[in-house]
Each structure stands twice: as C-alpha cells, then as structure tokens.
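Colleague: Quick mapping for you: the protein sequence lines, in order, are chains A and B.
Here the first sequence stands for residues 875 to 990, where the numbers follow the numbering used here.
Here the second sequence stands for residues 108 to 217, where the numbers follow the numbering used here.
Zero decoy hints are in this set.
With a straight-line cut-off of 30 angstroms between C-alpha atoms, the simulated DSS-like cross-links for lysine-lysine are: (1) B/164 <-> A/977; (2) A/932 <-> A/977; (3) B/151 <-> A/932; (4) B/164 <-> B/121; (5) B/151 <-> B/164; (6) A/923 <-> A/943; (7) A/923 <-> B/116; (8) A/943 <-> A/932; (9) B/151 <-> A/977; (10) B/116 <-> B/164; (11) B/151 <-> A/943; (12) B/116 <-> B/151; (13) B/121 <-> B/151; (14) A/923 <-> B/151; (15) A/977 <-> B/116; (16) B/164 <-> A/923; (17) A/943 <-> A/977; (18) A/977 <-> A/923.
Derived from the structure by calculation, the hints contain no laboratory data.
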Amino acid sequence: AQSVTQLDSQVPVFEEAPVELRCNYSSSVSVYLFWYVQYPNQGLQLLLKYLSGSTLVKGINGFEAEFNKSQTSFHLRKPSVHISDTAEYFCAVTPGVSGGYNKLIFGAGTRLAVHP
Amino acid sequence: NAGVTQTPKFRILKIGQSMTLQCTQDMNHNYMYWYRQDPGMGLKLIYYSVGAGITDKGEVPNGYNVSRSTTEDFPLRLELAAPSQTSVYFCASSPGPEAFFGQGTRLTVV
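Full structure from sequences and hints, please.
Modeller: As structure tokens, then:
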C-alpha cells in the first residue's frame, strides 16, 4: 500500500528566507506526485505535479520540487518566502498509469508560518 | 468556470440525524472523490467513483454512502450522524492523475 510522510508538521520561517518542506513516499509501483496548498477556510489548490520527465518541477508562486526516486522523496522548496505563503501544504501520491490513477493518498500536511 | 461546487458550506447536525452533502462538477471529469479532513491527519479518502454508475470504498467508508447516477453529481450521504463524523468534507474531480477540489463543507455533529 502506498503512504506519504510529511516530515514536519509545522515550519516557521522569516519572510524572504528560503524554505524546504519535506515529503517521503512509499510505493512498489511508479507514481505521480503532487503538492497542494490550502489557504485558511479554502479548498486545496494544485501547486505543482510530477508525472514524468525532468525530476525538477516548477509550480505556481515560485515553488519548485525535486523528485528523487532512489530516496523516494519529493521535497518542496522556495528560495524566498512571502507572508502570503502562510498556509498548509499537502504532499500527495497516486499510482502511475500502470497502477491505475484513481486514488490520491495524502500526507498529514505541513503548516508553513511566515513571520515578518 | 464553476469547477467543483459543494453545498452546503456549513452544517450542524444532531446525533442520529441524516443528511446529504451535494457535489457537482462541470468539467466532464470521469473520476470523483470524497475526502474528509481532520486536524493533523491530512485528507482521508471516503469513497470514489471512476464513472457514472461505478463507486468504490476508500480508506474510511463506514457511516457513509454515495451514488453516481450522472457524470456531474456525486452526493455523499451520512446516515445516523455521530460526533466522530465532525469534520471538513471535500469533494474532488479529475480527468486523470490531477484532482480539482471544491471549497469544502464544514460539518459539526452535536
């Protein structure tokens, strides 16, 4: 069975500092990987996705993530955060085409708090 | 574009009552999902559907039922509400791997 572990439940950071949110997954099949962002009292919005190809994926709002198959990781990074990046971030995985992509499995979430 | 629309946004239920959470999408997606979100637990899959007339259980289906009579609609039924069903419920749809989410329904059972 697939699972997703987000290694930090909360990450405090000062404005304009870099940030990394860590995500590891377990799966015996090829996977698709996602990061979603949830602002307070809102639904989830796709930040970026890895389906195939380049392991460095760029998303919206200046975020990027790197797929590392040997370490089964998909860490999210931003070189300089803004106050507006304060939100909860979810890593998610689903089987690749061979496994049938009909279930997204989510991590527990990481709350990013950006301080002035 | 409306995307995925959930109603109601908020609801308070008494223990033992029943209700239906509505979800509709206008993107003609085959896949639809119901998740619940509890603090510190991420999102747990309740039920999903791969097309009209086809549904299947997710991780936490107990106490819930679904139906999918059309491509657009995927209602979630709660029978005999219990305090453990207090949560935020999200409906999502997808054409493939990427899912699009509604704004959520915050349900409190008292």
